[in-house]
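Heads up: the sequence lines are chains A and B, in that order. Going by my numbering, the first sequence opens with residue 1, and the numbers climb by one from there. Going by my numbering, the second sequence opens with residue 1, and the numbers climb by one from there.
Don't read these hints as lab results, they were simulated from the structure. Predicted, not measured: the structure shown is a model, and the values here were computed from it. Zero decoy hints are in this set.
The list that follows gives simulated cross-link-like pairs (lysine-lysine, DSSO-like), each with its CA atoms no further than 27 Å apart: (1) 278/A / 203/B; (2) 237/B / 278/A; (3) 51/A / 21/B; (4) 281/B / 170/A; (5) 61/B / 51/A; (6) 51/A / 30/B; (7) 48/A / 61/B; (8) 30/B / 48/A; (9) 281/B / 150/A; (10) 195/B / 155/A; (11) 94/A / 155/A; (12) 28/B / 48/A; (13) 28/B / 51/A; (14) 204/B / 278/A.
A short list of chain B residues far from chain A (calculated; beta carbon distances all over 10 Å): (15) 58; (16) 122; (17) 127; (18) 203; (19) 292.
Yeah, the Cβ is synthetic: ideal placement off N, Cα and C, and Gly gets one too.
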Amino acid sequence: MALFSSLSERLNHIFSKLTKRGKLTELEIRQAMREVRIALLEADVNLKVAKNFIAEVSEKAVGQEVLTSLNPAQQVIKIVNDELIALMGPGNAKLEVASKLPTVIMMCGLQGAGKTTMCAKLAVQLKKQGKRPLLVAGDIYRPAAIDQLKIVGAKAGAEVFERGTQNPVKTAKEAVDYARKMGFDTVVIDTAGRLHIDERLMEELENIQKEVEVTEILLTVDAMTGQDAVNVAETFNQRLSITGVILTKLDGDTRGGACLSIKAVTGKPIKFIGVGEKITDLEPFYPDRMASRILGMGDVLSLIEKAQEAVTEQEAKALEKKMRENSFTLTDYLSQFEALKKMGGASALLAMLPGAGKLKINESDLDEKKMERIRAIILSMTPKERDNPQIINSSRKRRIALGSGTTVQDINQLLKQFEQTKLMMKQMRGGKGRRLPF
Amino acid sequence: MGFFGKIKDALRKTKENVSTKMRQLFLKNKLGDAFYEELEEILISSDVGVATAEEVVSEVKEEAIGGKIKDEQFVTDLLKDILEDTLNEAPMPAIKYPCVMMFVGVNGVGKTTTIGKIANYFVRNKKSVVIAAADTFRAAAIDQLNVWADRAKVRIVKHEEGSDPSAVVYDAVSSAKARGTDVLLIDTAGRLHVKENLMNELKKMDRVVEREFPEAHFYKFLVLDATTGQNAYSQAKVFKDAVSLDGIVLTKLDGTAKGGFVFSLCGELHIPVVFAGVGEKLEDLELFDAEQFVEGFI
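The task is simple: from the sequences and hints, build the whole structure.
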């Protein structure tokens, strides 16, 4: 069970030494941001991009109040995460349509990024929208690239236009004429993989752009790309002013920080992501998912969100006060269980909770059926009994058992468990720092 | 085969290399914590693994403090030596004949092209070569390999697209044995290391060679794209666990990426880099040389 990722662990460590809650101070932020920077670099975010990003986030974070429902580490992660989403979004899966048909889409990118496969995936997508795409074989250099496009084109049910090893600029022009004549509304041009520093081949792309009216120029980038993604994206964008980016091979285990780098230097939307080898494996881009992936901590983030949804700030404050005064009642106990349920049940929560193991919660105590039973028992009590459990004598227990469809032993067990919880809360108040996360 | 400094030249293309960044760093900072922190980041920005960058820099720091050195040239040389030592932690395998070389890796790293170049390398060294087209999955992969086999003027064993890759391997082994071929090169389909069924398919090919050709020296090479980032480590580790690796082929070094991840692969996983791809032509392949690589890298 992946309880929590190293970033949240390290941030927790920093804040355990530092914070008594309240507002985030500059020193805390600075120390935390060093960890965030390492996390971003480990995810392949470009160094310069990471530095700029962090400078901006730090400014925003200093002086921010720590939400009651979160701890300082979670608060920092939330700020970083929100900024990542803002920077990478909005995703825009829509392909522009030319006013004068056909719409021409040109693919470009380094060797092995996955352009040819992506052409077929786009064709499938376009056909789903009721369009008639024509694929154009513009990679005349790589051996058998034309054959490959023909095969994947056939799988996608799209016609492939090719002129052998004729100059790709000429081929592109002829393809567009052909499309106009034959009623294809969209032309997708596959091009050879090329290094961004290859002058001759970059010129070839510029010439295609001059000869035919290109609506979309999509830079295809391997999601596993490292620091160099910035150079690649910057050069392609300068030479061709690309209109969007497609990230491929995201079905691997890469954190995909290249995505952030590319967005930061080009400002162009990430339009699609490739998530598999089948020609239907194409998805729109979701900035929030990508942010979690880059931070390597999807679970903690969804916990933060769920905690925010399930517990309002006032509720959390009231609970804390009760804990402080040791006036925690069975009613509160019940509302805690309700909150748990909102957050996806105990087992889901346990899996996401940093430090849950340390609270000595027996997982079987929290199984869903048992929680239902606890709920029934507490609801069968009178309000007075819920506030003062000590008045529950054996005749009351029998009544409650009957009302909730349980046994007296179940009532005893719950009362014992409740006392233990109260004791645990007392200890937690004594022991510094650790708070209930909800 | 002699060196023409292609690896170094390829790496030198980068405008902002480590040494210019270090120069700026020296101008800006005295040797101190801030200096070393930034040095670490410079290495990471060339795709050196984060843990390895930390280790290397702390070694530089220790030496520099111990020797009371503040001189830029000395620190630069020290860094080079430590990086070179890291590469040398994984010794180059000695190639013995007859041999089988299987090339594995994720999609799009350049396996097929690499095999064409390596075939040519052995032909020029007067060895007989046969290629097995065991990427039966990707559309037109067999045709692509066929073109390379023609260019290098070597034989190729191939089946239909979509057929069982292990069967191709079996036939190629039989053919190499029958003809007493020196070198059998096996192309495999690109596969992401996280896909268990595809990794199992690879293990099966591995077993077929082990079982059918025990007298051959069997080398398994992971092909890695120099533009890859920190994920290279994960790839190497998973492929190593699946089929054990004898070396790495580092491709696309003619771009602006430097493949800094190799330091972690040599230093931590002990997998040596054996060949480097430096262009698209048949002869654009070099035997890897640690010293030259570090010279170009810094």
